[in-house]
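Here the protein sequences come in this chain order: A and B. Positions 1 to 420 (our numbering) are the ones given, in order, by the first sequence. Positions 1 to 143 (our numbering) are the ones given, in order, by the second sequence.
These aren't lab readings, by the way, just hints derived from the structure by calculation. Yeah, the Cβ is synthetic: ideal placement off N, Cα and C, and Gly gets one too. All the pointers check out, no bait thrown in.
Cβ-Cβ distance ranges computed for the label pairs, FRET-style:
1) Arg291(A) / Phe56(B): 58 to 66 Å
2) Pro109(B) / Glu221(A): 48 to 56 Å
3) Arg291(A) / Arg97(B): 41 to 49 Å
4) Arg130(A) / Arg97(B): 29 to 37 Å
5) Arg97(B) / His189(A): 43 to 51 Å
6) Pro360(A) / Ala84(B): 40 to 48 Å
7) Pro360(A) / Glu115(B): 36 to 44 Å
8) Ala140(B) / Ala7(A): 50 to 58 Å
9) Ala30(B) / Ile131(A): 17 to 25 Å
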Amino acid sequence: MRAPWPADPPPGPFRGTFWRSPLRGPWLTAFLGTLLLALTSVVILTGFLSHAAYEPDLGRNAIVPRDGDLPGLLPFDWPTSPSWLYAFTQGLHVTVGFVAVPFLLAKLWSVIPRLFAWPPVASPAQALERIAIALLVGSALFQFATGVLNAQIYYPFKFNFVVAHYYGAIVFTASLLLHVLVKLPTIRHAYRERGVLQPLRANLASTEPEPYDPDGGLAPEHPDKPTLSRRGLLGLTAGGGALVAVMLGGQSIGGPLRKLSLLAPRREGFPVNKTAKAAEITAEMTGDGWRLELIHDGRKTRLTRADLAGMEQRRESLPIACVEGWSTTQSWSGVRLADLAKAAGADPENVTCLVESLQPAGVLRTATLNGGQVRDDRSLLALQVNGADLSLDHGYPARIIVPALPGVHNTKWVARMTFS
Amino acid sequence: MKRRYGASPLHLILHVALFAAFAWVALQIADARAASNIVLWFLAALVLHDLVLLPFYTGIDRAAKRLTSAARVNYLRVPAALSALLLLLFFPPILGRNEGSFARVAGTPPEGYAERWLLVTAVLFGVSALIYLARAAAAARAS
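Go ahead and model the full structure; you've got the sequences and the hints to work with.
Quick look at the structure:
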């Protein structure tokens, strides 16, 4: 059977002579790939942890439809200790995700000649590999693009971010795993030939192209004279990553770094994730007529804000961490959730709690807390923050604050709590 | 098998596993909101990077190399690449693209991002110029 394309490559990028960078070659791609793999492993792991932290199996927590989700990966409930757990994992997810972008760009630059390989398909195995690579590169770019946009609250797309980013993550993780397995011999060969770190020793004057190999398709046939050493290129890539970390990381780490993070979406000390106005909360809903409704076994208990203020108050310094990557630690005071469970007539040691907001709409107007979260002494229905009543934007008259709970599950403007 | 297929049977098995997983995801996506928009973004991500962004920046790099000598191009290339990276990642507030959506949830629009990005860009090029001058002075002393 004759191939449907000519034996000789058409002019342009399909010709081996088109690509001239003296730095491209199996070692550079292997090394960039190793660094990128380390970074993306952190991003993938913390991403799936965040999915688990939302406890999608409880109540109406699932954002990805439950019958279209993978089985729960964590064999235990999302814990409450350490209290900074979610701030840590999600801060890593977003910050390392941004930091990985220059490594991804460099990696894709290093392999671009392969996109134009000639003949386009040499064997059935290679055809499958090319489709798998398209899935890998497409899902990687999709994940980074949607994540970077979501962290800055910019939605030029029509789909639900959480759903698309979750399924994108599954394709990305699976195709990355396969890619690493398929390329392992190539990576090992490159490191054996050139050493893992050896090529970093060469300065510009002693930078030599990797040997031309028409089958590998990475090292150029006619290399230009280098204008940058390999360590220069890697330094630029890592320097880019470090600069991005400084520009963004402060919104997660806090302290003086917050001011230094000049381009972070949330630079203020105590950001408002969603204002009362955006949530359609009005002054009447939160005024004197407001009651907290506690429900257990069909029994209803209604409490005024004064009733709540009359109960034992507890003050806890706890972080609140948003899925978008920022976090802040504040001093909250209010009533223990366990005390409210008791007031409702439930056993605080063994009960979950469906919390509903006054918010008339939105996926996140309700959240279900697991048993450990209700039981924890530091879990509060907060009335005050830093010694003053909550502002309307921070959830007045009362909001949930639970250690290590994803930010949006710390429901604001609480209207009803159902213990079961 | 190896001769006709081009690789070991394990290669085929693993690829079939990936495609099956992908087909499962595709079935889930088909039920999701704006499924066609997800597919569009997936394809656009591939095309825009490989056929637009990469040729664009390598083209600029080639032009810069013609503009100056190989020995000096890095003093331009490094700050330009870092500044461009920041623009690529943080363009929504820098170009004011997320003003509406950001203000809707956070209450106030993002402010001063273009100014701070320009400031960082100025510092990057400034540091590069200082290094260039310092090295030029050292070379002049040495000769």
